[in-house]
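Here are the chains, one letter per residue:
Number of protein chains: 2
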Amino acid sequence: MAVYTDISDTELEAFLADYDLGAPTSFKGIAEGVENSNFLLETEAGRYVLTIYERRVRADQLPFFLGLMEWLAARGFPSAPPIADHEGRRLRSVRGKPAALSAFLPGLAVRRPTLVHCREAGEGLAWLHLAARGFPGRRVNDLGWRAWAGLFAGLATQAEALKPGLAATIEADLALFARSWPAGLPEGIIHADYFPDNVFFADGRFAGAIDFYFAAWDTLAYDIAVALNAWCFQAGGAFDVAAAGAFVEGYRRRRPLAAEEAAALPLLAHGAAMRFFLTRLNDWTGAPPGALVRPKDPLEYERKLAAHRSGAAAGAWALPEAPA
Amino acid sequence: MAVYTDISDTELEAFLADYDLGAPTSFKGIAEGVENSNFLLETEAGRYVLTIYERRVRADQLPFFLGLMEWLAARGFPSAPPIADHEGRRLRSVRGKPAALSAFLPGLAVRRPTLVHCREAGEGLAWLHLAARGFPGRRVNDLGWRAWAGLFAGLATQAEALKPGLAATIEADLALFARSWPAGLPEGIIHADYFPDNVFFADGRFAGAIDFYFAAWDTLAYDIAVALNAWCFQAGGAFDVAAAGAFVEGYRRRRPLAAEEAAALPLLAHGAAMRFFLTRLNDWTGAPPGALVRPKDPLEYERKLAAHRSGAAAGAWALPEAPA
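Going line by line, the protein sequences match chains X and B. Residues in the first sequence are numbered consecutively from 1, following the working numbering. Residues in the second sequence are numbered consecutively from 1001, following the working numbering.
Just chain X, with the same shape it has in the complex (with noise of 0.2 Å):
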């Protein structure tokens, strides 16, 4: 829920000014998103969002998310691609900060995924590491598993604060990571964040994708294990073979997965929950007290790091062979 930057009418009129969309009819701050203020905005030529940018999304990353995202729409890809204005441009400015007007993707994220939104979610994903080939631009993951060492470095007495032992056992993860992290897997464009919130459905089919802000260039398989840790945990904190199965063999159906690939997900998968951990914790500790967002828990992935350090996950997952 975000909307953090307001804008007048006024304001609004000299943005437009710019677009031929014709005249606004509708203007509401929408809860999309948590680093962004977004409005949905309604003009006579039909529905977009605006987006403001907020100090979390670095502007000098914003021309390869806008880039990327025109990129996946220009190739079929279901998403919100940025509209330009008159002289071309993506990336504009109101109130001194970046801020771009995107096309409305219709559709719907879900709360509770059930199997056929885990399969339908994994062919999404695929599709979007297929719709992103050839994609000229290049990011680092600056969340990656390289970063989390020093991510960590910062955290180590509040982990320790959350919960005795944590540290020990964090430190233990990361010199695990050092160690075994798979490497010459196939790489591409990750959305890395692609969560339920950000993928929408229509009638129970996959409708899109939004939200490109953390996309980088990192291991495809990695985008999949973020995921994994993302649908497929059940409410009670149990990993569920079944959905996880079903986002697999979604994701089969669009892009083929080598064996290597498949058999690095139980490890890719505890890395990806360590991400979301630190940069939860992260959050957490750094949070004013009166924050208009409340942080999200890190305990919640601190109980996933801790499935899948224990195995039980790991050795839970049979997921199906590729067919032959």
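If you are wondering where the hints come from, they were derived from the structure by calculation, not from laboratory data. Where is the CB? At the ideal position from N, CA and C, for every residue including glycine. A hint or two may mislead.
Unchecked claim - Listed next, with one range per pair, are the computed distances between beta-carbon atoms: (1) Ser1180(B) / Arg56(X): 50 to 56 Å; (2) Ala149(X) / Gly1154(B): 53 to 59 Å; (3) Ala1059(B) / Asp203(X): 33 to 39 Å; (4) Arg303(X) / Ala1172(B): 56 to 62 Å; (5) Asp60(X) / Thr1114(B): 36 to 42 Å; (6) Val1241(B) / Glu300(X): 52 to 58 Å; (7) Asp6(X) / Ala1014(B): 32 to 38 Å; (8) Arg1055(B) / Glu160(X): 35 to 41 Å.
Unchecked claim - Covered, in the sense of this in silico footprint (three residues per stretch, anywhere, with C-beta under 8 Å from a C-beta of chain B), are these stretches of chain X: (9) 23-32; (10) 105-116.
Got chain X; can you put chain B on it based on the hints?
Positioned in the frame of chain X, the structure of chain B alone reads:
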């Protein structure tokens, strides 16, 4: 900005099963109203707003509010009437909280009203007063002038903390109201919260009003006074005589204002400033440190109170006479 209660896709489907609106195609939390959770819902049949009522709205008063909205819409007043389900129920329940589905009202709220907006808004308020005539529901204005002394009794210390000497000044105001509050002016259903964010425009013309959750039976001119405080103060804190003149002129296009009503406006506006000062002071004081919604600054209305008290505003109100 407000989304306090989340709703899952399964819950949404169950809710919609009681209506004939087809399948949902989009569902987004919107930043509208501070008291309730609001969602913009699109289905195959059209666009709607789903409101889940939080603790501030008393459930036993919802039939009055929903009935009034329906009454107004049935009489052609542009608003967002509640929609009945198969069994004729307008008041429903989601996650144990009262909820209602309403029509979507297009239009833009303005942040910085021009004279044209003020004139249109004034006409819209008179339209509302006329359209509400005959509505059989009754609700006492529990934030009307008789409630203020009681409200202030618990807040004197906070007022003094806000500004030394303020408590005694407020006491003097309250004594003035007790002595001089006008009696016998025309009464009816008032909106009671007719602020710019609750009034929509299309092409610069009045296009409707929303958020009737303070509506009550009270003095009609008091509703004008509430609106003058909200629409006709300049950013610098000065009362905008021209804007007030435009608002009243617009009002008179639809409903003639008796001489006694016009004469009472300065005192009514002084009182209306008290009402919003007191509730804002109360919200300011009562807000927990981690609250998601930042309470509105009570000092804004303290300054408006001071303006009315000094007579600066009242003396300047050379409101145009009704045409003979």
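Here is how each hint holds up against the structure:
no. : hint                               : verdict
1   : Ser1180(B) / Arg56(X): 50 to 56 Å  : holds (54 Å)
2   : Ala149(X) / Gly1154(B): 53 to 59 Å : holds (54 Å)
3   : Ala1059(B) / Asp203(X): 33 to 39 Å : holds (35 Å)
4   : Arg303(X) / Ala1172(B): 56 to 62 Å : holds (60 Å)
5   : Asp60(X) / Thr1114(B): 36 to 42 Å  : holds (38 Å)
6   : Val1241(B) / Glu300(X): 52 to 58 Å : holds (57 Å)
7   : Asp6(X) / Ala1014(B): 32 to 38 Å   : holds (35 Å)
8   : Arg1055(B) / Glu160(X): 35 to 41 Å : holds (37 Å)
9   : 23-32                              : holds (count 10)
10  : 105-116                            : holds (count 7)
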